[in-house]
Structures are given as structure tokens and as C-alpha cells.
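Chemist: Everything in the sequence shown is counted per numbering that gives the first Met the number 0, starting at 0 for the first residue and increasing by one.
Calculated from the structure, these hints are not laboratory results.
One thing to keep in mind: the hints can contain errors.
The list that follows gives simulated cross-link-like pairs (lysine-lysine, DSSO-like), each with its CA atoms no further than 27 Å apart [as the list claims (entries may be wrong)]: (1) K29 to K107; (2) K27 to K244; (3) K107 to K387; (4) K51 to K27; (5) K287 to K25; (6) K51 to K25; (7) K25 to K163; (8) K25 to K157; (9) K360 to K29.
So the derived label-pair ranges between C-beta atoms look like this [stated by the list, open to error]: (10) D19 to N245: 31 to 37 Å; (11) P123 to T391: 42 to 48 Å; (12) G339 to S394: 25 to 31 Å; (13) T408 to S22: 47 to 53 Å; (14) I307 to I43: 18 to 24 Å; (15) K287 to P265: 43 to 49 Å.
Beta carbons are placed, not taken as given, at the ideal position from N, Cα and C, and that holds for glycine.
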Amino acid sequence: MWWAAGRIDYQRPSLADTLDSASHDKMKAKVAGGYSGRDIDLEIIIDGQIAKLVDAMRGKHVGKNMVDFADISRFFTLDVITRLAYGKEFGWVEADEDLYGYGAEISKFAALGALISDVTWLHPFVRWSFINSRFKPRPAASHGVGKVVGLGREQIRKRFAENKNDDRDMIGSFMRHGLTVNEIEDEALIQIFAGSDTTAIVIRSVMLHLIATPRVCLESGKAIHYTILTCLLPLLDARLKTNIKNAVSSGEVSTPITLAQAQSLPYLQAIIWEGFRMRPAVTYGHYKVVPPGGDTIAGIRVPGGTAIGHNHYGMMRNEEIFGGDVDVFRPERYLDEPNGDEMQRTVELVFGTGRWMCVGKQVALMELNKIFWELLRQFDFQLVNPAKPGWTETSSVTFTHRDMWIRITEAEDL
């Protein structure tokens with residue numbers, strides 16, 4: 000019931016909330032080609048959006064006033080997901096502002112959605128069409144989430160009116176695989192909700208910890224540990240910078256870096272997984288129901304019908320898995336420790352597993368494998384006030400960030 004409480008339309012289950020395995024598998028087969036990149040130019044599209052982000056940062060922020068990176072990361076992921084979904088980004092990066100007030104409103108939606116999902120006695124009420132219609136975004140709205148939903152709906156219905164299903168984007172893929180207009184509208188909305196802020200959270204996590212981690216200076220290839228007061232370089236992970244410099248100068252990677260090249264760089268992979276661990280995109284959930292006959296989990300007998308989930312944030316702080324320094328951003332743990340593979344598999348559970356694994360995992364990982372490399376190749380970053388927390392943070396089912404104030408300059412010697 001936790002999943003169903005967040006249903007967009009109680010009369011029409013979607014891939015994200017259907018509880019029927021057969022229906023889920025049938026729907027997932029129809030959308031898999033779009034999410035995997037088989038039906039769309041996924042890598043080319045993401046490369047294009049990163050290039051636009053770099054141009055915008057260079058034109059608007061480099062060497063100028065401080066900027067809230069919490070906004071930048073959200074604008075980027077929103078443009079990526081709308082470009083993938085609708086064939087054209089909605090333009091947050093270019094506008095450099097919270098278009099339609101979407102960001103401010105979606106944060107409230109996230110908190111409200113978590114409340115409704117967790118407080119089970121509310122479920123019967125939100126299923127009433129009278130109440131449900133007041134919670135749902137209204138496509139005719141002039142601002143907020145409803146405005147974005149309306150813009151997307153226009154694109155989808157225009158495609159159906161023109162019977163245009165040959166474009167290499169999500170709409171085209173879904174149309175070719177037989178989804179109805181209403182099913183595509185639901186799926187596109189879920190893409191924006193589930194595929195933008197979640198990825199932005201990890202982008203912020205990695206960038207903040209790279210910028211703020213004092214372990215930044217290298218000598219003869221070995222890290223020297225400095226305190227925040229004695230290190231004179233911008234607080235940025237110099238080991239990754241060195242990796243970038245060496246890979247670019249040797250011709251090991253292209254510009255832009257390909258997914259295959261990025262995945263062959265162990266330290267970059269370690270940084271991405273450590274960013275996930277420090278701030279998992281989803282804090283808890285992925286509930287499953289124990290089969291009618293019951294089951295035994297970790298030696299405990301659990302009766303059938305019990306909802307079983309896990310706390311991602313707590314799991315990522317498990318000292319038995321990650322060691323005693325779980326509060327420290329240390330990517331080397333995945334490379335140096337004998338159970339590094341187990342650590343990575345544990346972190347990957349944030350995407351779920353098996354038939355219920357997040358269908359957008361490939362999209363998210365492609366964004367993450369590319370964006371850090373390109374941003375750190377092009378720019379240097381520094382916290383405006385390193386003596387204070389790097390952001391203002393709230394959490395519900397996901398994290399919400401603001402006030403991640405940084406300064407950006409052109410990268411040196413890269």
C-alpha cells in the first residue's frame with residue numbers, strides 16, 4: 000500500500016506504483032527500450048545537455064559572484080529528463096532560474112507524498128476522487144508542478160495528433176511499443192518526479208564532498224592529510240584532478256568522455272558510489288510484501304503479508320559493511336578494502352533489485368559518469384564559507400537542498 004498511496008491516478012496504475020507483478024513486467028517491457036538507450040540516443044543527448052551546462056556556467060558564473068549549486072544541479076537534471084522525455088529540454092539551465100516555481104513546489108510535494116505514504120490511515124481518503132484531484136498537479140496551472148505537467152502533456156498529445164512516433168526520444172519509443180496517451184503522460188510525469196531531484200541529490204553530494212574534503216594535496220602520488228586551516232589549495236579532490244589530467248593528456252579518454260571510458264576509471268567509480276553512500280537519492284522505502292506463507296529473514300520469522308523495507312541512509316552507515324569511518328567521505332574504501340565489491344553492491348540497493356529495480360538506473364549512472372569528469376576538467380570549485388555546513392538540508396523520502404553556495408573559476412593546468 001505504500002506504493003499505491005503515491006499513485007498519480009487511482010483508476011490507472013503506472014509502472015512506478017502497480018502492485019501486480021504481471022502488469023509490472025508487461026509495462027516494463029514496453030518502456031525498457033527508452034530507458035536503456037536502445038531506442039534513443041541516450042549518450043548523445045546527455046553529452047549535449049552537459050555541454051549546455053558548461054557553456055552556461057562559463058557565461059554566467061565563472062569568475063563572478065557566488066552561485067547556489069543546489070539550483071544548478073536541479074536545473075541540469077530537469078533539462079536532461081525533459082529532453083529525454085519530450086525531445087526538447089524545457090530550458091532551466093539557459094534561464095538560470097527556477098522556471099514556473101517548479102523547484103519550490105516540488106519540495107513541498109515530496110514532503111506531502113512521504114506523509115501520505117507513511118500514514119496509512121490517510122490512504123482511504125486520498126483515494127477519493129474529490130480529494131485526489133486536489134492533490135494532483137493541474138495541467139492548466141500557470142506555475143509550479145502543474146505548469147510543467149501541462150507543457151509535457153502538450154508535447155505528448157501533439158505527437159499523437161500527428162501520429163509521429165519515429166522520433167528517437169522517450170515519447171517516440173513508448174508510442175512504438177504501444178503505450179496509450181494517458182500511460183505516456185503518467186510515465187513522463189514519473190520521470191520528472193523520480194528522475195530529476197534524485198540524480199541531483201547525488202551530484203550535490205559528490206561535489207560538496209569533493210570541494211569540502213581536506214584530503215586534497217598530493218605528493219609523489221600519495222595523499223597528504225591536511226586540516227581545513229592549513230591546506231592552501233581550493234578544497235577539491237586533487238587525486239581526481241590528477242586522474243583527469245593524465246587521462247586527457249595520454250589520450251585515454253575522449254572529449255566528451257564516453258560511458259565506457261568513465262566506467263574503466265576505478266577512482267571515478269569509487270567517487271560516484273561514495274557520493275551515493277553519503278547521500279542516497281532515496282532515504283528509505285522499496286517496500287515488498289512477504290508471501291502468504293511467510294518467510295525467515297536473518298533468523299526472524301516474518302508472517303505473510305508483512306511489508307518489508309529498508310532504511311537506505313541507515314544502511315549506508317553500517318560499520319560492519321563500510322568500516323568505522325562511515326561518516327567520512329573516503330572513495331578509497333571501494334578500492335583498498337577487501338570487501339569493496341560488497342560495499343558497492345550494498346550502495347547499489349538504492350536502485351532496488353531484481354524485477355523491481357529502478358528502470359531509470361542507466362540514465363542516472365550515465366549522467367553521473369559524465370558530469371563530474373566534465374565539470375572538474377573545465378572548472379575549479381570552492382565553498383564560499385567552508386566554516387559552515389555546505390548546504391541547508393531537509394529530508395523526507397528524498398533529500399532537499401538549498402544554499403550550497405560556491406565560487407567557480409576556470410580550471411588550472413588541465
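Chemist: Look at each hint and say if it fits the structure.
Modeler: Results of checking the hints against the structure:
| no. | hint | result |
| --- | --- | --- |
| 1 | K29 to K107 | 31 Å, violated |
| 2 | K27 to K244 | 41 Å, violated |
| 3 | K107 to K387 | 25 Å, holds |
| 4 | K51 to K27 | 31 Å, violated |
| 5 | K287 to K25 | 19 Å, holds |
| 6 | K51 to K25 | 36 Å, violated |
| 7 | K25 to K163 | 23 Å, holds |
| 8 | K25 to K157 | 26 Å, holds |
| 9 | K360 to K29 | 16 Å, holds |
| 10 | D19 to N245: 31 to 37 Å | 51 Å, violated |
| 11 | P123 to T391: 42 to 48 Å | 35 Å, violated |
| 12 | G339 to S394: 25 to 31 Å | 27 Å, holds |
| 13 | T408 to S22: 47 to 53 Å | 52 Å, holds |
| 14 | I307 to I43: 18 to 24 Å | 40 Å, violated |
| 15 | K287 to P265: 43 to 49 Å | 33 Å, violated |
Hint violations for this structure: numbers 1, 2, 4, 6, 10, 11, 14, 15, all remaining hints satisfied.
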